[in-house]
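S.K.: Chain by chain, the residues:
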Amino acid sequence: MELRQGILKKNDLLAADLRARFGAAGLLAVNLVSSPGAGKTALLERTLRELRLTGQRVAALVGDLETDNDARRLAMSGAPVRQIQTHGCCHLEADMIGRHLEGWDLGQLDYLFIENVGNLVCPAGYDLGEALRVAIVSVTEGEDKPLKYPAMFHSADVVAISKIDLAAACEFDRDAALRNIREIRPGVEILETSSKSGAGFAEWFELLARRREAADEAEA
Amino acid sequence: MHELSIAYSVVSSATEALAGRKVAKVDSVLLRVGALSGIMEDPLQFCWGLATEGTLLAGSGLVIERVPVTIRCRPCGQDVALDGVQSFRCPRCGTPGLEVLKGRELEIVSLEIEEDGDDAHSGVATGDSEKERPAGG
Numbered sequence: 455m456e457l458r459q460g461i462l463k464k465n466d467l468l469a470a471d472l473r474a475r476f477g478a479a480g481l482l483a484v485n486l487v488s489s490p491g492a493g494k495t496a497l498l499e500r501t502l503r504e505l506r507l508t509g510q511r512v513a514a515l516v517g518d519l520e521t522d523n524d525a526r527r528l529a530m531s532g533a534p535v536r537q538i539q540t541h542g543c544c545h546l547e548a549d550m551i552g553r554h555l556e557g558w559d560l561g562q563l564d565y566l567f568i569e570n571v572g573n574l575v576c577p578a579g580y581d582l583g584e585a586l587r588v589a590i591v592s593v594t595e596g597e598d599k600p601l602k603y604p605a606m607f608h609s610a611d612v613v614a615i616s617k618i619d620l621a622a623a624c625e626f627d628r629d630a631a632l633r634n635i636r637e638i639r640p641g642v643e644i645l646e647t648s649s650k651s652g653a654g655f656a657e658w659f660e661l662l663a664r665r666r667e668a669a670d671e672a673e674a
Numbered sequence: 383m384h385e386l387s388i389a390y391s392v393v394s395s396a397t398e399a400l401a402g403r404k405v406a407k408v409d410s411v412l413l414r415v416g417a418l419s420g421i422m423e424d425p426l427q428f429c430w431g432l433a434t435e436g437t438l439l440a441g442s443g444l445v446i447e448r449v450p451v452t453i454r455c456r457p458c459g460q461d462v463a464l465d466g467v468q469s470f471r472c473p474r475c476g477t478p479g480l481e482v483l484k485g486r487e488l489e490i491v492s493l494e495i496e497e498d499g500d501d502a503h504s505g506v507a508t509g510d511s512e513k514e515r516p517a518g519g
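So the sequences go chain by chain: Y and C. Last residue of the first sequence? That's 674 in this note's numbering, and every number before it is there in order. Last residue of the second sequence? That's 519 in this note's numbering, and every number before it is there in order.
For the record, the hints were derived by calculation from the structure and aren't laboratory data. Please note: incorrect hints may appear among the correct ones.
Think about it this way: if two alpha-carbon atoms lie no more than 25 Å apart in a straight line, the pair counts; the simulated BS3-like pairs of lysine-lysine are [stated by the list, open to error]: (1) K484/C - K463/Y; (2) K407/C - K602/Y; (3) K484/C - K464/Y.
Since the model is a prediction, treat every value here as computed from it, not as a measurement.
Chain Y extracted, bound-state conformation:
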């Protein structure tokens, strides 16, 4: 008996609905993925704070297995933030995003950031309706992370190398890292950031604005 049905079909359908809602609302949804401790929350803290200073309307959903520590950290920026506690689930799914958006007027937002559960394996297969998937790898993790977790890095639209202020202390081999990223994801945009010093954030904000504009044009 033929079936030919995607195993994650339910998630894919919900993600398609979300993508349509985000597109209609004119916001850019960004899914941030990395291993635990690569600096997703730190990057997001600075991103929310600085975008708000330039008048951008931003909000964030943040996923963790337990605690609302990250949501409380991010809420200091003044942006609307909600925690998604997955209670053991190793990734975010589209229906969790849908449920946690309830009551928010998406038309009043320019950017929605979704900080996924820290995990370089499982979130790769779950579409959240995002327009942009950003994989973050810190200089403390080693240059071969993309080779070890190819499915995730291959699914990314942007790769950010984070904590570059620590590169020298870690004897980080920048050329090897760039080569490995490009080997797994040819043509991907690569950023080099420090959430501490702010290095690379001008490029990050330029990229976000450009992608948002492109998404708006595609919608129109």
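Since the structure of chain Y is provided, determine the placement of chain C on it from the hints.
M.R.: For chain C alone, coordinates are given in the frame of chain Y:
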């Protein structure tokens, strides 16, 4: 990492698809799993017995067809299957593969079933499966 929840999803979709049929036994379930799906065969096989326990699929086998990554290489003018997922370059000419045609699959292809009594011979027919599929899934 989440093979158990994948196994439960397969059981749930297959059970929905079998609704309305007089199924005596499900012999096997065929999945197509791409090299980029992030799903491993061994843990999935390990979970299968547990996920199917007490369902229509109890006792069935799980058959997994692995799909390698295939890229379209413009310079070679060909679609090329890759040996692994450590490089997305064309193995012939070295050009980075920007177009990935296959390798992300994670789907249920088909079920081998035995139907009850008189229906036994029509059970393996595939032509009528469309109309019996639950609407909306």
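S.K.: Against this structure, judge whether each hint is valid.
M.R.: Status of each hint after checking the structure:
no.	hint	verdict
1	K484/C - K463/Y	holds, 17 Å
2	K407/C - K602/Y	violated, 41 Å
3	K484/C - K464/Y	holds, 21 Å
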